[in-house]
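Novice: Sequence:
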Amino acid sequence: MGKMENGGAMLRIIVCTKFIHGELNPFDASALECALEFAESQSAESQSAESQSAENQNAKSLEKDGVSAELFILGMGPMTWTEPMRKLTRLGMSVKLRAVLLSDADFAGSDTLATSRILAAGVRKLEAENGPADWIFCGRQTIDGDTAQVGPELAALLERELAANCLELPELTGSLPNGSAYILRTRTGMESVQTPAVLTFERIRELRFPSLRSRAGEVEVLTRSELGIPAELCGTAGSPTHVLQTFKTERGRRKCRWITLEELWPLLETLRDQPGRMERQIAKELAEFREAEPENGPGSERLDRSPCRKMPKVFAVGREAESAAREIAEEVVFLEKTDPRTLAEAVRDAEAVLWNADLWGRKTAPQTAALLGTGLCADCTALETDGETLFFYRPAHGGDVLAKIVCRTRPQMGTVRTADSDAPDLILAGGRGIAGNWEKLKKLAEKLNALPAASRALIDSDGVPYEYQIGLTGRCVSPKIYVSVGISGAVQHTCAIENADVIIAVGPDRNARIFEYADYGIEARAEELWDPAEKQHV
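Numbering (the working numbering), first residue to last: 7 to 544.
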């Protein structure tokens with residue numbers, strides 16, 4: 007770490023927060039703890055350096071006050087958030103903590119873009135009254151929405167640099183005329199960023215407990231009129247995306263056949279020797295074509311199973327989204343991946359734009375949407391169109407529910423889940439049920455010549471690297487065989503494995519959701535899997 011920002015002036019960090027059923031969103035809790043640690047380390051180094059200079063009166067003043075950094079806890083929500091936000095103000099000792107709640111009846115029903123606009127207005131007001139913020143820290147996403155859009159949209163609206171999916175605190179590399187340069191590790195590798203900047207954090211920290219001697223501060227409440235936001239840009243009126251309906255989904259469900267652990271190993275060998283789904287589909291279509299050829303003649307067209315109506319033109323950003331675009335468009339315009347501003351200009355007059363829901367797409371698409379003032383539907387698993395309007399389907403509420411969503415502005419934009427074409431024929435994935443046994447799963451995967459993988463629950467709880475994650479916020483896969491061990495089967499996971507040829511689930515709870523999406527089920531604890539595997543010499 008290096009010197010404090012602003013040439014020795016007070017360091018300012020704004021942390022965006024959301025409460026879900028009265029509890030702080032765990033990703034935001036991680037961001038807040040990161041902000042506290044970063045501010046404390048910066049303050050300690052700055053005061054240590056400044057104390058060596060008796061001439062520096064500013065340092066003496068800071069030491070006298072015992073505070074050299076200022077943190078704002080910023081939230082947008084109902085007045086019921088006041089008490090949990092007030093409790094968070096007890097966490098600062100050498101850091102001055104202030105809580106600001108943006109609350110107004112007009113804010114109700116805000117989607118991600120409307121929420122980002124309100125938060126951006128809150129940031130601007132805080133900076134106008136207190137001075138510019140060096141950093142804005144956000145959690146990667148909320149656990150109820152999973153869109154990961156607010157942080158990137160906030161960065162675009164405030165015209166600040168963005169580093170998403172951060173795995174560590176930033177480290178100073180040098181001073182610049184208008185700020186400081188930092189590097190930090192993210193899920194996509196090392197990134198450099200210049201302050202002022204927005205960072206979105208993974209769940210890399212647990213929030214501390216308050217000191218017994220600490221006292222809670224007050225929560226400042228700001229309304230729409232005090233922020234100066236027009237009513238038409240807030241709430242339902244200002245939200246470009248709209249949920250048309252939600253319904254329980256049966257998609258991906260299979261008929262589970264129960265087997266024993268002893269039957270697993272020969273079953274794997276048998277399944278590996280069988281042709282995969284793609285080979286079977288090609289063979290089936292070829293047979294259908296040959297059967298129809300004598301009657302209709304060579305070269306006759308078979309029944310087109312694609313939707314009857316398509317949009318005239320759809321833009322696809324990146325090759326990964328091209329196949330999804332072709333399913334709903336007569337013409338697909340392919341765009342190379344580049345920066346948000348360039349892409350915004352390229353698609354400004356488009357009717358619809360599709361992105362891949364990978365880490366790059368989840369970072370860049372929200373920024374582009376914010377620049378255009380349009381809606382963005384995240385992590386879509388299905389698309390429909392009537393020829394003009396695009397309908398997006400995505401999992402909602404963390405359960406067995408699909409939401410049908412429409413974008414009321416143009417261009418209509420969405421990120422789509424695409425299967426990993428490089429997946430091997432066998433994937434061995436672990437969930438929370440193998441906690442503490444990740445290395446054993448990797449060892450077994452190596453013996454089986456399989457790819458080891460993990461659910462989000464194991465990633466978040468056991469510190470497994472994110473490149474192993476399979477799920478709506480990780481990767482979608484389509485292997486010949488998918489074996490899950492200790493995975494409960496949340497919709498975010500099952501929708502990412504539904505293209506697997508065969509799914510085998512191992513778990514102790516026969517009523518777990520994962521078995522509804524498995525072809526074969528084994529009722530057993532993870533520990534029962536390791537020893538038999540050794541005996542089988544797999």
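What the hints contain is simulated information worked out from the structure, not anything from laboratory work.
Don't take each hint at face value.
As the list claims (entries may be wrong) - DSSO-like mimics (lysine-lysine), calculated; alpha carbons at most 27 Å apart, straight line:
{"id": "1", "residue 1": "131", "residue 2": "102"}
{"id": "2", "residue 1": "319", "residue 2": "453"}
{"id": "3", "residue 1": "261", "residue 2": "102"}
{"id": "4", "residue 1": "448", "residue 2": "486"}
{"id": "5", "residue 1": "410", "residue 2": "453"}
{"id": "6", "residue 1": "254", "residue 2": "410"}
{"id": "7", "residue 1": "319", "residue 2": "343"}
{"id": "8", "residue 1": "486", "residue 2": "446"}
{"id": "9", "residue 1": "316", "residue 2": "410"}
{"id": "10", "residue 1": "453", "residue 2": "486"}
{"id": "11", "residue 1": "410", "residue 2": "446"}
Novice: Now, for every hint given, state plainly whether the structure supports it.
Specialist: Taking the hints in turn, this is what the structure says about them:
no.: 1; hint: 131 x 102; verdict: holds (18 Å)
no.: 2; hint: 319 x 453; verdict: violated (48 Å)
no.: 3; hint: 261 x 102; verdict: violated (57 Å)
no.: 4; hint: 448 x 486; verdict: holds (19 Å)
no.: 5; hint: 410 x 453; verdict: violated (43 Å)
no.: 6; hint: 254 x 410; verdict: holds (11 Å)
no.: 7; hint: 319 x 343; verdict: holds (19 Å)
no.: 8; hint: 486 x 446; verdict: holds (23 Å)
no.: 9; hint: 316 x 410; verdict: holds (18 Å)
no.: 10; hint: 453 x 486; verdict: holds (17 Å)
no.: 11; hint: 410 x 446; verdict: violated (41 Å)
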